[in-house]
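Undergrad: Residue numbers (our numbering), protein chains in the order written: chain W, 1 to 251; chain H, 252 to 374.
In case anyone wonders, no lab produced these hints; they're calculated from the structure.
Idealized CB from N, CA, C, for every residue including glycine.
Hints are not guaranteed to be accurate.
[What the hints assert, rightly or not] Residues of chain W clear of chain H, computed beta-carbon distances all greater than 12 Å:
id: 1; residue: 72
id: 2; residue: 87
id: 3; residue: 128
[To be verified] Label-pair restraints from in silico Cβ distances:
id: 4; chain 1: H; residue 1: 325; chain 2: W; residue 2: 55; range: 33 to 39 Å
id: 5; chain 1: W; residue 1: 45; chain 2: H; residue 2: 316; range: 47 to 53 Å
id: 6; chain 1: W; residue 1: 208; chain 2: H; residue 2: 344; range: 19 to 25 Å
id: 7; chain 1: H; residue 1: 304; chain 2: W; residue 2: 233; range: 46 to 52 Å
id: 8; chain 1: H; residue 1: 351; chain 2: W; residue 2: 194; range: 26 to 32 Å
id: 9; chain 1: W; residue 1: 232; chain 2: H; residue 2: 321; range: 32 to 38 Å
id: 10; chain 1: H; residue 1: 325; chain 2: W; residue 2: 32; range: 29 to 35 Å
id: 11; chain 1: W; residue 1: 16; chain 2: H; residue 2: 351; range: 23 to 29 Å
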Amino acid sequence: MCQTCGCSVTPGNDTSKVVVDVLQDLLSANNEVAAHNREHFDAHGVLVINLMSSPGAGKTALLEATIVALRDRYRIAVIEGDLQTDNDAARIRAHGVPAIQITTGTACHLDAHLVHRALHDLPLAGLDLLFIENVGNLVCPASFDLGQHRNVTLLSVTEGDDKPAKYPVIFLASDLVVLSKTDLLEVLTDFDPERAAGHLRALGRETPMIQTAARRAPALGPWLNWLEQQLGAWRPVAQAPQSMIAARAGA
Amino acid sequence: MHELSVCQALLRQVAEIADARGAHIVERITIEVGPLCGLEPELLAGAFAVARAGGCAAGAALDIESTPLIISCLSCGARSEAKPNRLICSACGGFRARIVAGDELRLRRVELTMPQPEAVPAP
Chain W
1 MCQTCGCSVT PGNDTSKVVV DVLQDLLSAN NEVAAHNREH FDAHGVLVIN LMSSPGAGKT
61 ALLEATIVAL RDRYRIAVIE GDLQTDNDAA RIRAHGVPAI QITTGTACHL DAHLVHRALH
121 DLPLAGLDLL FIENVGNLVC PASFDLGQHR NVTLLSVTEG DDKPAKYPVI FLASDLVVLS
181 KTDLLEVLTD FDPERAAGHL RALGRETPMI QTAARRAPAL GPWLNWLEQQ LGAWRPVAQA
241 PQSMIAARAG A
Chain H
252 MHELSVCQAL LRQVAEIADA RGAHIVERIT IEVGPLCGLE PELLAGAFAV ARAGGCAAGA
312 ALDIESTPLI ISCLSCGARS EAKPNRLICS ACGGFRARIV AGDELRLRRV ELTMPQPEAV
372 PAP
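Construct the entire structure; sequences and hints are all you get.
TA: Laid out in structure tokens, this is it:
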């Protein structure tokens, strides 16, 4: 607008306009609650892992197999996000582990407020490991910090191996990518794990990618090793490197 | 499809700012949206048109400023523009990069209409 003729000034009420410069993250309310959740987790020494994937990639199956493998050594609990049912929480409880269901209705992701509410029903004392199974979706969960310490994204071999290129935001936010259902690779020859790894590398991070087949116990080794490493690395130092979402929230 | 929840968070922030300054009408809201923030500007604009109804920003315009995606190479230090699924240094081809800009989702500016002082009646 020109400063000469006054065309930028609304006639008559130029003193009534105020321009406020803000520069505030739009998700700052969520991020504050997430930080609060993380304080709770840290105070109780619980490592919290946010599990994300598209629907049907095998999050619940991986959790069931993980619980069976680790429940004698670690106290585990699960927060389940689901649009409509509590089927997944029932599957987890069947293994003798507490599971809190968050039914999101039509909401496509969990947020820090929903997790905070769930924490009222979940005693953290004595827990070692808390999994948050996010709503199956490769878009929305990436934007919402829940207070977790690590983000893990599953990519099943029944999907395309170019998912990291199609959904860069969620894969960028991941501390670990788990290729799931790899026992199907011998019949699903379209999926090339090397190509998937290449797309992941193109995101400019050295995010590790491991293979699992939750229905076959021996194929869980790399996943269980990673979990044990995180538990070991995290316990002595409460402020271990945080995931990207958390780092952004703190920035 | 989380654009609506983001708009609701945006409108809560805007309402707080307007309240703090005693303004009842919000004229214009400017936000910065980076290619890696996880939101589609067009969907955001559509969601805003729905979410703004009934509040102090019911007549507000939404300006969406798209920011560029800039990375800094951890190998050679060069800064370059990148695509969301190819964060690779354009100078040396390095595969390790830090995101300098492009993941922001920020409220930049709010323009408010302040209430007019009551006219002093002529004696």
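Undergrad: If a hint holds in the structure, say so; if it doesn't, say that too.
TA: For each hint, the structure was consulted:
Taking the minimum C-beta to C-beta distance to chain H, about 39 Å, the non-interface status of residue 72/W holds against the 12 Å cut. Every CB of chain H is more than 12 Å from the CB of residue 87/W (nearest about 22 Å), matching its label as outside the interface. Chain H leaves residue 128/W outside its interface by the beta-carbon criterion, the shortest separation being 31 Å against a cut-off of 12 Å. Against the hinted window of 33 to 39 Å, the Cβ-Cβ separation of residue 325/H and residue 55/W comes to about 35 Å, which satisfies the hint.
The given range of 47 to 53 Å is broken by residue 45/W and residue 316/H, whose C-beta atoms sit roughly 43 Å from each other. A C-beta distance of roughly 21 Å is found between residue 208/W and residue 344/H, which places it inside the suggested range of 19 to 25 Å. Against the hinted window of 46 to 52 Å, the Cβ-Cβ separation of residue 304/H and residue 233/W comes to about 49 Å, which satisfies the hint. In this structure the hint that residue 351/H and residue 194/W lie 26 to 32 Å apart at CB holds, the actual value being about 30 Å.
The hinted range of 32 to 38 Å is satisfied by residue 232/W and residue 321/H, whose Cβ atoms lie roughly 36 Å apart. At about 30 Å, the beta-carbon gap between residue 325/H and residue 32/W stays in the expected band of 29 to 35 Å. In this structure the supplied range 23 to 29 Å is violated for residue 16/W paired with residue 351/H, their Cβ-Cβ distance being about 39 Å.
Hint compliance for this structure: hints 5 and 11 are not met, and every other hint is.
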